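K.L.:
Given only the sequences and the hints, what does the whole structure look like? Please build it.
There are 2 protein chains.
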Amino acid sequence: MEQTLTNSIQDYLKNIYELTENGESASTNALASRLNVKPASVTGMVQKLASAKPALVEYQKHQGVTLTDDGKKAALEVIRHHRLLEAWLVQTLGYTWDEVHAEAEKLEHVISEDFERRIAAAMGHPLRDPHGELIPTADLQMPLDDSTPLSSLRPGQFGKIEYVKASEAELLRYLENLGLIPGADIEVKDHSPFDHNLTIKMGRKSVVLGLNITSKIYVKES
Amino acid sequence: MEQTLTNSIQDYLKNIYELTENGESASTNALASRLNVKPASVTGMVQKLASAKPALVEYQKHQGVTLTDDGKKAALEVIRHHRLLEAWLVQTLGYTWDEVHAEAEKLEHVISEDFERRIAAAMGHPLRDPHGELIPTADLQMPLDDSTPLSSLRPGQFGKIEYVKASEAELLRYLENLGLIPGADIEVKDHSPFDHNLTIKMGRKSVVLGLNITSKIYVKES
DNA sequence: AATATATTTTAGTCAAGACTAAATATTTTG
DNA sequence: CAAAATATTTAGTCTTGACTAAAATATATT
Ligand SMILES: [Mn+2]
Ligand SMILES: [Mn+2]
Ligand SMILES: [Mn+2]
Ligand SMILES: [Mn+2]
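Those sequence lines, one after another, are chains V and G. Numbering follows the working numbering, in which position 103 of the first sequence is assigned residue number 103; successive positions increment by one, without gaps. Numbering follows the working numbering, in which position 221 of the second sequence is assigned residue number 221; successive positions increment by one, without gaps.
By construction, these hints were calculated from the structure, which means they are not laboratory data. None of these values were measured; they are calculated from a predicted model. Using N, Cα and C, we set each Cβ at its ideal position, and we do this for glycine too. Treat the hints with care, as some may be off.
Said to hold, decoys possible - 27 Å max Cα-Cα, derived DSS-like pairs, lysine-lysine:
1. V:Lys-106 with V:Lys-72
2. V:Lys-106 with G:Lys-73
3. G:Lys-72 with V:Lys-73
4. G:Lys-106 with V:Lys-106
5. G:Lys-72 with V:Lys-106
6. V:Lys-72 with G:Lys-106
Claimed, not checked - Residues of chain G clear of chain V, computed beta-carbon distances all greater than 12 Å:
7. Leu-19
8. Ser-27
9. Lys-53
10. Lys-72
11. Ser-112
12. Ala-121
13. Gln-141
14. Asp-195
15. Thr-199
16. Asn-212
P.N.:
Written as structure tokens, this is what we have:
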């Protein structure tokens, strides 16, 4: 019997994907805090996902979880929905990039595959969402990401912003006001080694950004 | 404490509204069959809705339920969502009138009030959905319905179809093929008193329709 | 290596919303 | 109008996905 992917399961898988994108495993606590749920609840759900047939996660006590191939497909399906929806809310209903996330978070679980196809086609099969994040393809492959966090650049390096990995509206509005949006060209002017602040120049403006911002802005070095 | 309107509660309220539009009360069995749920489950939910604060339904054992003013507002909110969504799926994504219902059924519960306003504005505040059904206004009033069921017309009477109260895809395609869609002008040519069949003429075509169809087509006599 | 701290798991509860089976009420009919 | 048929309610159960409190394990610090 095929496991039903409830909203809750979809959210777990999506968040496990996002935590493990770079190889590490997702810890109980990290998942709990992203999902706004207690760690004990995560353990329960993770055990269930691990013993589902087919299994959706790989799990060993105290070692965190990683997605199985089935789990990854399911996660990418949700992420594709989310990012297509965000793009489409912006393009057709005039939402701004700081407004789309909450709406997409709810819609992602309920749209049909037909709806997914229709909005993708209507937009000409976009590659990125309004934050610049890559949209998984229709056959559920995540395109290759050739960017690095801005926090890894040093004075003298130049880059173009590819995406901003953030959903909090205030941060997004702050960045937009500064012109720190996908496509923007920036130059790193200064680095303070102890607090990890970077001084960034875009056009004629400069701004000092802390690590909690620079680690969320992904750039392509140029 | 304000009652949370779960998806399930929203569906109960919507269906109670539709069953009681014409004054009667909604029976346990009728609700159960619309909601694809057992009668015992309906009794349980209805008792809960009746003792919610504020109460959403009026309930007396074995007498069925009616909506309170609060329940009615909540029902109209869901119906407004549903019908706006149907209109919008047709207008912007090329859905046909037989495809929209299932999608709207899921989306109706998750869109925000902001989304509702945006699609209403984008369509110029439409009055009717793709089936011709009236859309409750933004302040949750149901506009006056000046139509009657086609089944109440008799030979010699003329009418224009205002709406079709149906969601089954096959029936809708059948009617569309016959040209029996909102706006169509029809004439009743014959009535067979025992089986309630009506012979309907539209343009140069004629068709005999049974009561289970003519009771779902609402017309304005002309 | 021993202890303190942080993380994770277990065990037991709860609420929502369905279900079945049995009891009761209402309606229809001979 | 009483029996039969139909409709509704009650009582008890189940699943999902949370929660708290307590126990177990892992990691960090001395
Ligand atoms: Mn988002
Ligand atoms: Mn979600
Ligand atoms: Mn509909
Ligand atoms: Mn619904």
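K.L.:
For a C-alpha distance cap of 27 Å, please report whether Lys-106 of chain G and Lys-106 of chain V respect it.
P.N.:
Measuring from Cα to Cα gives roughly 11 Å; hence the hint holds.
K.L.:
Just want to verify: Gln-141 of chain G was marked as not at the interface with chain V; is every Cβ pair farther apart than 12 Å?
P.N.:
Correct as stated: the minimum Cβ-Cβ distance to chain V is 25 Å, above 12 Å.
K.L.:
Run the C-beta distances from Asp-195 of chain G to all of chain V and say if the shortest one exceeds 12 Å.
P.N.:
Given that every Cβ of chain V is farther than 12 Å from that of Asp-195 of chain G, nearest at about 38 Å, it holds.
K.L.:
Checking the smallest CB distance to chain V, is Ala-121 of chain G really beyond 12 Å?
P.N.:
Label violated. Min Cβ-Cβ 9 Å, cutoff 12 Å.
K.L.:
Under the criterion that the straight-line Cα-Cα distance not exceed 27 Å, is the pair Lys-72 of chain G, Lys-106 of chain V satisfied?
P.N.:
holds, 25 Å
K.L.:
When you look at the beta carbon of Lys-53 of chain G, is every beta carbon of chain V farther off than 12 Å?
P.N.:
The claim holds: Lys-53 of chain G sits with its nearest Cβ about 27 Å from chain V, beyond 12 Å.
K.L.:
Under the criterion that the straight-line Cα-Cα distance not exceed 27 Å, is the pair Lys-72 of chain V, Lys-106 of chain G satisfied?
P.N.:
holds, 25 Å
K.L.:
May I ask you to check that Leu-19 of chain G keeps its beta-carbon over 12 Å from the closest beta-carbon of chain V?
P.N.:
holds, 25 Å
K.L.:
For the pair supplied as a hint, Lys-72 of chain G and Lys-73 of chain V, is the alpha-carbon distance within the 27 Å limit?
P.N.:
Cα-Cα ~42 Å, so violated.
K.L.:
Confirm or reject the statement that Lys-72 of chain G sits farther than 12 Å, beta carbon to beta carbon, from all of chain V.
P.N.:
holds, 25 Å
K.L.:
Does the claim that Ser-27 of chain G lies outside the interface with chain V hold up, using a Cβ gap greater than 12 Å?
P.N.:
holds, 30 Å
K.L.:
So if I understand the rule, the pair passes when the alpha-carbon distance is 27 Å or less; does Lys-106 of chain V with Lys-73 of chain G pass?
P.N.:
holds, 23 Å
Hints 3, 11 and 12 from the earlier list are contradicted by this structure; the remaining hints agree with it.
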